[in-house]
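Taken in sequence, the protein lines are chains W, E and F.
First residue of the first sequence: 91, per the working numbering; consecutive thereafter.
First residue of the second sequence: 41, per the working numbering; consecutive thereafter.
First residue of the third sequence: -11, per the working numbering; consecutive thereafter.
Read the hints as simulated data drawn from the structure, not as lab findings.
There's no promise every hint is true.
Within a straight-line C-alpha distance of at most 27 Å, the following computed DSSO-like cross-link-like pairs (lysine-lysine) qualify [as the list claims (entries may be wrong)]:
| no. | chain 1 | residue 1 | chain 2 | residue 2 |
| --- | --- | --- | --- | --- |
| 1 | E | Lys85 | W | Lys268 |
| 2 | F | Lys486 | W | Lys304 |
| 3 | W | Lys406 | E | Lys112 |
| 4 | W | Lys228 | F | Lys134 |
| 5 | F | Lys485 | E | Lys58 |
| 6 | F | Lys134 | W | Lys240 |
| 7 | F | Lys134 | E | Lys115 |
| 8 | F | Lys134 | W | Lys306 |
| 9 | W | Lys197 | W | Lys364 |
| 10 | F | Lys280 | E | Lys115 |
| 11 | F | Lys243 | E | Lys112 |
Computed from a prediction, not measured in an experiment: that's the story for all the values here.
Letter by letter, the chains look like this.
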Amino acid sequence: MLKKMLVGIVLGSFLLLPMLAGAQEKYPTKAIELVVPFAAGGSTDVLARLVAKYAPKYFDKPLVVVNKPGGGGITGTEGVVRSKPDGYSLFIGYGSGHDLVTPHFQKMPYDPFKDLLPVCRLSIHSIVMIIRGDAPYKTMKELVEWGKKKPQVTASVSTKAGSVDITFQAVGKATGLKMVTVPFRGGAESVTAIVGGQTDCGGNHPSEVISHIKAKRLIPIAVALENRDPAIPDVPTFKELGYNVVAVGSVKGVAAPKGTPPEVIRYLAERFKKVCDDQEFVKSMKDIGQPVMYQNPQEFGKFLKEGFDQYGKMIKEFNIKLE
Amino acid sequence: MIFSARIRLFKRRKSIEKWDRVTGYILLAVGVITAWSSTSLAMGKMRHPGPGFLPFGLALILIALSIALITKSWKREEQSVPFWPERGWVRPLLGVGIFLLYAVLLPPLGFILTTFFFLIIWMWGIERIRWATILPISIGVTAVLYFIFSYFLEVPLPAGFLSL
Amino acid sequence: MGEFLGMFQGLASGFDIAFTLTNLTFALIGAVLGTMVGILPGLGPSATISLLLPLSFKIGSPVTSIIMMAGIFYGAMYGGSTTSILVNIPGEAASVVTCIDGYQMALKGRAGPALGIAAIGSFIAGTIGVLGLTFVAPPLAEFALKFGPPEYFSLTLFGLLMATLLGGGSILKGLIMVVLGLLLGSVGLDPISGAIRFTWGLHMLQEGIDFVTLAMGMFGVGEIFYNLEKVLKTELVTRKVTHLWPTLKDWADSKWAVIRGSFIGFFIGILPGGGAVISSLVSYAVEKRVSKSPEEFGKGAIQGVAGPESANNAAASASFIPLLTLGIPGNAAIAMIFAALLIQGVQPGPFLITEKPEIFWGVVASMYIGNVMLLILNLPMVGLWVQLLRVPYSILAPIVVLFCCVGVYSIRNTVFDIYVMGIFGVIGYILRKVDLEPGPMILAFVLGPILERAIRQALLISAGSPLIFFTRPISGALMGVLILFIVLQVFFNIRQKKKKMNP
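Bound conformation, chain W alone:
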C-alpha cells in the first residue's frame, strides 16, 4: 500500500514537471490573434491591420488579424469571449455599437462588461453627420428647416440598431424631424448611398468619409461628441448647435476574455501604448482620419462604462425604440 502511494507520488510529480516548465515561459510564445468582428475593409479592420503592421517593432510575437463578421459584431466577439483566456485571442473594436448600444435593446449571449477585460483604448470613431456637397442645404440649421417641410428625412447608416442608427434617431427626436434611418451593409455601402444621393443625409465615422470631404463631395455638418473630434476639428458638435445629442461614438479598443492573467494584460497595454506613441503610426492614422487616443486598462474600463450609460441616457431621453 505504501509502495503504491510512493509510486503514485513519483509518477505524479513527473506529470507536474511540464506544467512547471510551461509556467516559466514568458508570454507571448506564439502569434497573437486579433479578432475583428466585422468585415474586412471597414474602419475597425483597417485600424487592426495598421496596428498589426507596426506591432512587430514592439511586440515579441506577431499580431495576426482575423475577420469574423456577423451578427453586427456579436458573433466574432462571442468567439473571443468563449476562447481560452491565455492572451492569444483578443478582440479589437471593444466599445463599438454592439458593446455599448445593443445591450440596451436585446439580450446578449454574453455580458460585454463582465465577460471581457479591457486592455486599452486605441481610437474613437465619432459619428459625424454628412450631407452631399450639392444638397440644397449647407448647414445643420438649413437641413432642419428644409426637413421640417418634408414628410420624412432619410439618413443612411451602416448597421441597424448600431451606434450610428441610434444616434441619428436621437437627432431626429432632438430636431423634431421625422428621421428615417436606412441601414446598409456596413460603413462603405452607406457612404456610397449618401454620395449617390440615395438619402438626404448620412451618418458615418470620419475615417470612412475623409477622402470625400477632401474632395468636397460630402460636407460634415455636425459631430456627436462631447468635444470636437480632433480628426475633423472644424466640425461643430451637436451640443454646440443646440441639440443635446452627445455620445462616445464607436470606441475602438482591445479586450481579452475574462480570466486572462493580469501580467498578460499589462504586457499588452504597455506594448499597444508603444505602438500608439510611434510617430509613423500616428501619421498613418491621421491620414486615414482615425485619431490615436490611447487609454490604459483602468481608465478605459471606466470610459466604456460611462459611454454605455451615456447611450442609455440618450435612448431614454429621446425614447428611442427598436422597430
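With chain W held as given, fit chains E and F onto it using these hints.
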C-alpha cells in the same frame, strides 16, 4: 421570333404527371409551413418592412405556384412510371450512405484515414473496381488532397485520435 | 485632347513600373494563385487575398501588393470556368452560367475548345475591361452612384425573371425554383433587423447557408448521386476529346459573343454589388436571343461559354473602377484590396489618380500584363485539364465528392457544413428526377439577399410607396423592359396555344 424558340437554358428531363403532382403537394406543404413560420417574424408596414415581409410574400407565391403545378398535372394523361426503375435506388443509397459515413468518421478518425477508406469503400462497393486500381488511386488522391489543402492552403484538417 | 495625352503619359509610366522584375514576379504569383483558387471550389479570391494580406506588408510597396492581389482576383475568374466546364461544378458564383453549355460541350468531347474559348474570351474581355478602366474610369463611376436601392431591386428582379423566362422548360417550374432559392437565401440572420430566420435554433445556420456549400451540394454531389442510378457499363459520355483547341469556326461563331460579353460585363461590373454574376447571366440571355440557332443553347453552344466568360472577366476589371476612382469597394475581394491600400497609407478615392498616379497607372498597366500571363498560363494548360477527363467517371466520381467535402470543410472548419452539403446533394438528386432544375434556384439564392435588402431600403426611402420603382428613371426603365418582356411572353404563349387548337 425570339419568343418562338423556347429553348432550354437547362437540360430537360421527362416530365411525369404523377411525380409533378406529388412534388406539387410537397411544395404546397413547404409553402404553408414557411408562411406560417413567417408570421412569427415581424411583418412591419409598407413604409418599414420587417423580416417577415419577404418570406411571407414568397411563401404565398410558392403556394400559388404549387397549386398551379398540381392542377396542371391533373389535366394531362396519366403515365405510370416507377420512380426507381430496376432497383435503381441501390447505388445512390450506397453513395449517400458512404458520404454520411465519411462525415461521421471524419472528426474521430482524422482526415487521412477517413479519406483513404472513403475512396476504397466507394470504389470497391459501388463501382466494383479491381483492387490493383483502387489501392494506388486511394493513396495517391489522399496524398494530393492532403498536400493541397493542409500543406499548401494551410487549412486545419481534422486530425483524429492518431493526430495525423 | 490634352486629357488623352495625359492618359497615355500615365499609362506609359505605368508600364514602366509594371515591368520591373519584382512586379512581374508578383503579378505572376497572383495570377497562378488566382487560377488555382478559382479551380478549387470552396476557396474564393476574397479568402485568399485576406490570407495574403499580412504578406503584403512585408512586400513593402503598395503597388506590388495590389498587383499581386489584382492578379489573384481576375485569375480566379479564369480558373472558375475550368471546373464549370469539366465537372459541372462552379468554382464561384460567376461561373455558374458557364456550367450550362460548358459542361455539355465537355460531354460531347469538346472540352478543349470550351476551355480554349473561355481563356481567349476572358483575355479579350479582360483587356477591353482594362482599356475601359484606363479611359473611362471617372465619368462611369459617377453614373454608377445613381444606382440606389430601387435600381438594385429592379436590376436583380430583371436578372432573375430573365433567367426563368429564357430558361425554357416549364416556366412554372422555373419560377418555383426561383422562389425556393429566394427563401433559402433568407435563412439566417436578417441583415437589416437582426432577426433570426428559419434556423430552428441551429447556431451554425445563423450566418445563413453558404453559397459554396449549396452550390457544391446541388450541382456537384447531387449530380453524382443522380448519375449513380445508371450502371457503370453504359458510360454516360464519350470522354474522347477530339480537338484540344478551338477551331476557326469556333472562333468565328464566338467572336461577337466575346465582344458583346465584354461590354455587358464591363457596364454591369462597374455597379457595386453582384457585378460578375449578373453580367454572366445577362450575357447568356443576350447570346441566346441574338443567336441564329438558339436551340443549341443548353446543349453545348459555344457562345454560351464565350459570352458569360468574357462578361465575368470584364466585370472583374470593371469592379476596380469604383475602387480606384471613388474609393468605394464593390465586392468582398475588392474590399480586401481596399483595406490593403489603406493600411499601406494609400487613400483610394478621387485623389488617387492625382496624388499617387504611380499606383493607379502601375496597377492598370499590370492588369494588361496579367491578362497576357493568364492567357499563356491557361491555353497550354488546357491540355492538362482535358487529361483529367480521360479518367473514367467511376473513379472521378468519388474524387469529386471528396474534393467537395474538403473544399466545403475549408470554409468554416466544421463538419456540419459537410452534412449540409450532403443534404443539398440529396435534394439536388431528387430535384433532377422530378425535372426541377437547380440552376435558377442557385442564382436566386445569390441574388436573394440583394433583392430583399434593396426592396426594404427602397420602401424606407419612399416612405412605403412602391411607385418609387417606376418613377426613378433608371429603375423605371428596367421595370418597363421587364414588363414588356412578360407581356410579350404571355401574349406569345396564348398565340401558341391557339395555334395548337386550330391546326
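Holds or violated: F/Lys486 and W/Lys304, Cα atoms, limit 27 Å. Violated - the C-alpha atoms of W/Lys304 and F/Lys486 are around 65 Å apart, more than 27 Å.
Hint check: F/Lys280 vs E/Lys115, CA-CA at most 27 Å. Holds or violated? Status violated; Cα separation ~35 Å.
Does W/Lys306 lie within 27 Å of F/Lys134 when you go C-alpha to C-alpha? Within the cut-off at roughly 18 Å; holds.
Does the alpha-carbon distance linking F/Lys485 and E/Lys58 stay inside the 27 Å limit? holds (23 Å)
Run the distance test for E/Lys85 versus W/Lys268: straight-line Cα separation, threshold 27 Å. holds (16 Å)
Please work out if F/Lys134 and W/Lys240 have their alpha carbons no farther apart than 27 Å. Distance ~22 Å between F/Lys134 and W/Lys240 Cα, so the pair holds.
Is the Cα-Cα distance between W/Lys197 and W/Lys364 27 Å or less? violated (37 Å)
27 Å Cα cutoff - pair F/Lys243, E/Lys112: Violated, at about 42 Å.
Has the given pair, W/Lys406 with E/Lys112, been kept, meaning a C-alpha gap of at most 27 Å? violated (58 Å)
Decide if the proposed pair is consistent with the structure: W/Lys228 and F/Lys134, CA atoms, cutoff 27 Å inclusive. holds (21 Å)
Does F/Lys134 pair with E/Lys115 here, judged by a C-alpha cut-off of 27 Å? Given pair F/Lys134, E/Lys115 is violated - Cα atoms ~49 Å apart, limit 27 Å.
The earlier numbered hints that this structure contradicts are 2, 3, 7, 9, 10 and 11.
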